[in-house]
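Student: Let's have the full structure, built from the sequences with the hints guiding it.
Number of protein chains: 2
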Amino acid sequence: MGARYKDKNWKDAMRVRIDVNNMFEEYIGEKHGIKPEEVDEMAEKIKKAHQNINKQHTEGKLGFIDLPDSQNEVVDEIESYAKENRQNVENFVILGIGGSALGSIALQTALNDAYHNLRDTDAPNIFVPDNVDPERFKSLLETLDLKKTVFNVISKSGTTAETMSLFLIAREYVEQEVGLDDLRNHFIATTSKDSGKLRVIAQREGFKMFYIPDNVGGRFSVLTPVGLVYAAFAGIDIRELLAGAAYMKKLCSTPKVWENPAYINGTLQYLAYQKGKKMSVMMPYSHSLKDLADWYRQLWAESLGKEKSRDDEVINVGPTPIKALGATDQHSQAQLYMEGPYDKVVNFIEVEEFDTDLQIPDLYEDIEGVSYLRSKTLADLLKTEKRATELALTERERLNATIIVPKVNEFTMGQLFYLFEMQTALVGELFNINAYNQPGVELGKKYTYGVFGRNGYEDMKEEYYNRPNKKGKYII
Amino acid sequence: MGARYKDKNWKDAMRVRIDVNNMFEEYIGEKHGIKPEEVDEMAEKIKKAHQNINKQHTEGKLGFIDLPDSQNEVVDEIESYAKENRQNVENFVILGIGGSALGSIALQTALNDAYHNLRDTDAPNIFVPDNVDPERFKSLLETLDLKKTVFNVISKSGTTAETMSLFLIAREYVEQEVGLDDLRNHFIATTSKDSGKLRVIAQREGFKMFYIPDNVGGRFSVLTPVGLVYAAFAGIDIRELLAGAAYMKKLCSTPKVWENPAYINGTLQYLAYQKGKKMSVMMPYSHSLKDLADWYRQLWAESLGKEKSRDDEVINVGPTPIKALGATDQHSQAQLYMEGPYDKVVNFIEVEEFDTDLQIPDLYEDIEGVSYLRSKTLADLLKTEKRATELALTERERLNATIIVPKVNEFTMGQLFYLFEMQTALVGELFNINAYNQPGVELGKKYTYGVFGRNGYEDMKEEYYNRPNKKGKYII
Numbered sequence: 001m002g003a004r005y006k007d008k009n010w011k012d013a014m015r016v017r018i019d020v021n022n023m024f025e026e027y028i029g030e031k032h033g034i035k036p037e038e039v040d041e042m043a044e045k046i047k048k049a050h051q052n053i054n055k056q057h058t059e060g061k062l063g064f065i066d067l068p069d070s071q072n073e074v075v076d077e078i079e080s081y082a083k084e085n086r087q088n089v090e091n092f093v094i095l096g097i098g099g100s101a102l103g104s105i106a107l108q109t110a111l112n113d114a115y116h117n118l119r120d121t122d123a124p125n126i127f128v129p130d131n132v133d134p135e136r137f138k139s140l141l142e143t144l145d146l147k148k149t150v151f152n153v154i155s156k157s158g159t160t161a162e163t164m165s166l167f168l169i170a171r172e173y174v175e176q177e178v179g180l181d182d183l184r185n186h187f188i189a190t191t192s193k194d195s196g197k198l199r200v201i202a203q204r205e206g207f208k209m210f211y212i213p214d215n216v217g218g219r220f221s222v223l224t225p226v227g228l229v230y231a232a233f234a235g236i237d238i239r240e241l242l243a244g245a246a247y248m249k250k251l252c253s254t255p256k257v258w259e260n261p262a263y264i265n266g267t268l269q270y271l272a273y274q275k276g277k278k279m280s281v282m283m284p285y286s287h288s289l290k291d292l293a294d295w296y297r298q299l300w301a302e303s304l305g306k307e308k309s310r311d312d313e314v315i316n317v318g319p320t321p322i323k324a325l326g327a328t329d330q331h332s333q334a335q336l337y338m339e340g341p342y343d344k345v346v347n348f349i350e351v352e353e354f355d356t357d358l359q360i361p362d363l364y365e366d367i368e369g370v371s372y373l374r375s376k377t378l379a380d381l382l383k384t385e386k387r388a389t390e391l392a393l394t395e396r397e398r399l400n401a402t403i404i405v406p407k408v409n410e411f412t413m414g415q416l417f418y419l420f421e422m423q424t425a426l427v428g429e430l431f432n433i434n435a436y437n438q439p440g441v442e443l444g445k446k447y448t449y450g451v452f453g454r455n456g457y458e459d460m461k462e463e464y465y466n467r468p469n470k471k472g473k474y475i476i
Numbered sequence: 001m002g003a004r005y006k007d008k009n010w011k012d013a014m015r016v017r018i019d020v021n022n023m024f025e026e027y028i029g030e031k032h033g034i035k036p037e038e039v040d041e042m043a044e045k046i047k048k049a050h051q052n053i054n055k056q057h058t059e060g061k062l063g064f065i066d067l068p069d070s071q072n073e074v075v076d077e078i079e080s081y082a083k084e085n086r087q088n089v090e091n092f093v094i095l096g097i098g099g100s101a102l103g104s105i106a107l108q109t110a111l112n113d114a115y116h117n118l119r120d121t122d123a124p125n126i127f128v129p130d131n132v133d134p135e136r137f138k139s140l141l142e143t144l145d146l147k148k149t150v151f152n153v154i155s156k157s158g159t160t161a162e163t164m165s166l167f168l169i170a171r172e173y174v175e176q177e178v179g180l181d182d183l184r185n186h187f188i189a190t191t192s193k194d195s196g197k198l199r200v201i202a203q204r205e206g207f208k209m210f211y212i213p214d215n216v217g218g219r220f221s222v223l224t225p226v227g228l229v230y231a232a233f234a235g236i237d238i239r240e241l242l243a244g245a246a247y248m249k250k251l252c253s254t255p256k257v258w259e260n261p262a263y264i265n266g267t268l269q270y271l272a273y274q275k276g277k278k279m280s281v282m283m284p285y286s287h288s289l290k291d292l293a294d295w296y297r298q299l300w301a302e303s304l305g306k307e308k309s310r311d312d313e314v315i316n317v318g319p320t321p322i323k324a325l326g327a328t329d330q331h332s333q334a335q336l337y338m339e340g341p342y343d344k345v346v347n348f349i350e351v352e353e354f355d356t357d358l359q360i361p362d363l364y365e366d367i368e369g370v371s372y373l374r375s376k377t378l379a380d381l382l383k384t385e386k387r388a389t390e391l392a393l394t395e396r397e398r399l400n401a402t403i404i405v406p407k408v409n410e411f412t413m414g415q416l417f418y419l420f421e422m423q424t425a426l427v428g429e430l431f432n433i434n435a436y437n438q439p440g441v442e443l444g445k446k447y448t449y450g451v452f453g454r455n456g457y458e459d460m461k462e463e464y465y466n467r468p469n470k471k472g473k474y475i476i
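Line by line, the protein sequences give chains A and B.
The first sequence finishes on residue 476 if you use the numbering used here, and the numbering steps up by one all the way, no holes.
The second sequence finishes on residue 476 if you use the numbering used here, and the numbering steps up by one all the way, no holes.
In case anyone wonders, no lab produced these hints; they're calculated from the structure.
For clarity, every value in this text was computed on a predicted model and none was experimentally measured.
Watch out, some of these pointers could steer you wrong.
Claimed, not checked - Going by beta-carbon spacing under 7 Å, a handful of chain B positions derived as facing chain A:
{"id": "1", "residue": "D19"}
{"id": "2", "residue": "L118"}
{"id": "3", "residue": "D122"}
{"id": "4", "residue": "N316"}
{"id": "5", "residue": "L382"}
{"id": "6", "residue": "K461"}
{"id": "7", "residue": "Y465"}
{"id": "8", "residue": "K470"}
{"id": "9", "residue": "I475"}
Glycine included, every Cβ here is placed at the ideal spot set by N, Cα and C.
Tutor: As structure tokens, then:
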């Protein structure tokens with residue numbers, strides 16, 4: 001496709017924008033709408049947030065900010081590795097969970113054909129089991145020709161229970177199929193450069209390794225080898241992806257809230273939360289962006305759902321992200337969004353141009369209720385439904401905004417990833433929380449370690465088994 | 001598989017139960033927990049709700065209550081039709097949206113192999129596009145051998161814009177492939193018996209027709225031909241499915257809340273909502289129940305999200321259903337559920353026995369942090385993680401309950417469908433709303449009709465185009 005991302009005009013034509021008109025009083029009414037002055041009044045807080053983000057970045061944290069334009073060497077290595085090995089690979093399987101899987105799934109759904117794995121193409125078939133369901137994983141291992149399959153095992157620490165279990169099982173299946181000597185050609189390890197158990201295993205087995213920078217957390221890692229290795233195998237242009245992120249980084253570098261797409265949307269989401277809109281719906285009208293909403297759901301929930309502020313005050317904060325899909329969910333969730341409590345903000349995603357379209361043929365002219373569809377296209381229908389839903393929500397005084405994507409491609413996906421990451425960083429600052437940890441999931445993990453007999457977790461085992469007895473009369 | 005559903009012992013062993021221990025003060029603490037007395041105090045309201053449900057049913061409404069045990073003729077017809085035609089069908093495509101698709105998707109994910117469409121089996125490949133995305137639908141039509149494909153077009157009215165558009169396009173593609181004479185062998189129409197546009201079209205074209213009872217709404221229709229025709233083609237035992245629903249119907253026929261699984265869970269969800277837990281998470285720890293959660297999401301949102309009470313009072317009520325998946329979403333949403341606001345109830349689904357399991361092999365004995373996984377199985381891991389998460393949530397005073405499913409099969413799926421339908425009916429009564437309409441989505445539909453030039457919607461077109469001008473400065 002050439003390096004079109006070096007063409008300024010093309011890039012500007014592909015710029016992702018946010019339309020926040022329907023967040024404001026003028027359109028939504030004074031009861032629920034936000035006043036522009038409320039945004040202005042946030043200026044000082046936003047300035048401080050901006051400084052804080054920059055300060056942390058200068059201190060070597062928030063590595064995600066560097067990813068768009070610091071990875072030349074990494075990209076060279078990934079591209080040449082993929083080029084060399086792609087031809088022999090029929091199936092590419094990602095063994096990872098959460099942040100190690102969701103970015104690749106989002107890329108797959110956005111940039112591959114919707115029925116990629118059923119079609120005969122140059123690119124390998126792609127699988128992301130993303131769970132430890134035994135039925136599903138066994139079926140996968142039995143469905144694939146393991147002689148032609150590569151597994152990318154992704155875990156920074158190498159102790160993620162789900163990922164390592166899948167790896168151990170896959171390793172055994174593959175060894176049985178190809179023998180011990182050939183094992184190294186079927187596994188890639190994507191992990192920390194300097195520490196961790198997966199590194200030790202990969203070195204021992206001679207697996208190819210790619211590295212996740214230590215200052216990039218899992219949910220911010222799609223533009224590291226976590227997502228890029230998969231992308232290169234899938235035939236996705238990773239330079240264009242990074243160029244998109246770099247383009248958005250520039251747009252998001254100003255502290256001026258009215259000019260910064262991440263800051264304006266983040267600020268409005270924050271203000272809406274303060275007004276009792278505790279849920280944030282992401283609703284793309286495009287099947288290919290369906291799993292971007294799922295990726296965002298992790299980013300938003302895990303970053304912003306926190307018990308304590310940075311000052312150690314108990315605040316139990318966090319908007320709940322909800323993924324939805326237009327037009328499908330008009331037939332499932334729209335009734336609630338239109339008439340239920342005023343507790344949501346809807347972020348639509350509208351795609352301006354689809355790669356292809358389908359004309360609705362001119363049939364059944366005499367049948368009223370069907371004939372009006374004639375000569376329209378599916379893209380017409382999808383876009384009209386989006387705007388009709390937007391208008392209806394607005395008339396019902398429901399806050400909504402629209403992220404406008406000129407076309408779904410590598411460049412716009414790169415923009416979207418960076419946009420939402422920076423938006424999340426800002427809102428974390430506004431809530432005065434640490435958006436980069438996840439202390440709330442430790443307890444559950446420790447119980448599992450205890451039950452499974454991991455050294456050092458004997459107490460947890462005891463606590464797990466000493467849970468209060470359940471009452472039979474409460475099991476119906 | 002034989003008629004095991006006629007064996008009382010087997011049925012009792014397959015009984016779906018609900019464990020609501022962790023909804024109560026005794027386990028959750030007094031700040032957020034529900035007191036058993038609060039449930040007792042609901043007795044009068046529940047009795048009235050029960051009477052109301054029975055009254056509506058006696059009046060010929062709420063047809064879903066009749067489905068488990070009134071469909072012998074329909075089942076005979078579907079089974080013999082599927083038996084006759086199944087062999088020649090390589091692909092079975094459902095053209096429907098919302099309630100016409102979600103039940104079949106739930107059945108497919110639950111009862112077919114996880115990689116069904118990639119494996120060579122007796123049953124046809126199954127596709128449910130469920131949206132009007134042009135890229136995805138075009139890819140489907142080009143991927144399938146249309147000579148060996150049957151489309152089941154599902155719409156009660158025959159005017160659902162999305163379904164009819166897909167049908168019109170599919171019809172043209174199929175005609176080009178097989179010719180006009182053979183068209184009738186590639187389409188089934190599932191629609192109203194007595195009215196509607198799809199009926200007219202099907203009669204004209206000579207399509208096989210199946211009927212949706214007029215007193216069964218879309219989101220309650222999975223156990224009508226809407227779901228059953230698909231199921232029969234997929235090799236699912238529809239008699240066992242209905243037997244499961246009949247079994248649960250019996251369990252849910254008592255007005256005694258402490259003995260009725262639908263009523264106890266419905267009542268507790270209702271009480272939790274009154275205490276500010278406005279979100280209801282459905283989180284199965286089993287990939288195969290993932291899309292049951294999505295089916296439930298429509299049922300719950302569209303039935304209970306209502307502006308007005310039956311007395312025409314503006315109440316803007318409705319809990320927001322959220323689908324999640326264990327263990328995957330422990331790495332995405334659990335942080336928020338553990339530490340965020342106290343605004344959720346989690347309904348776990350735990351599967352007691354999986355169809356198959358995978359042993360984690362005994363490798364890397366010397367590597368601490370990996371070695372503790374040895375000799376366990378994936379099912380062990382999944383179940384332990386569920387219980388660990390449950391325990392951690394409970395310690396953090398977060399309301400949760402567990403739906404226990406002995407095994408995922410037709411009989412338990414039938415139970416689950418009926419259980420959630422009856423639970424929804426009860427909660428609708430408790431909120432004093434009409435749980436069977438969806439007035440909130442009409443406005444958006446009308447705008448689309450207007451823009452597309454459907455007769456009678458000229459006003460809506462005008463209103464659509466007269467929307468207030470958006471401000472450029474709010475598009476960033």
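Student: Give a verdict on every hint.
Tutor: Consistency of the hints with the structure:
1. D19: Holds - the Cβ of B/D19 comes within 7 Å of chain A, reaching about 5 Å at its closest.
2. L118: holds (5 Å)
3. D122: Because about 16 Å separates B/D122 from the closest Cβ in chain A, which is outside the 7 Å limit, the hint is violated.
4. N316: holds (5 Å)
5. L382: holds (5 Å)
6. K461: violated (11 Å)
7. Y465: violated (10 Å)
8. K470: holds (4 Å)
9. I475: holds (5 Å)
The structure fails to meet hints 3, 6, 7 from the earlier list, while all remaining hints are met.
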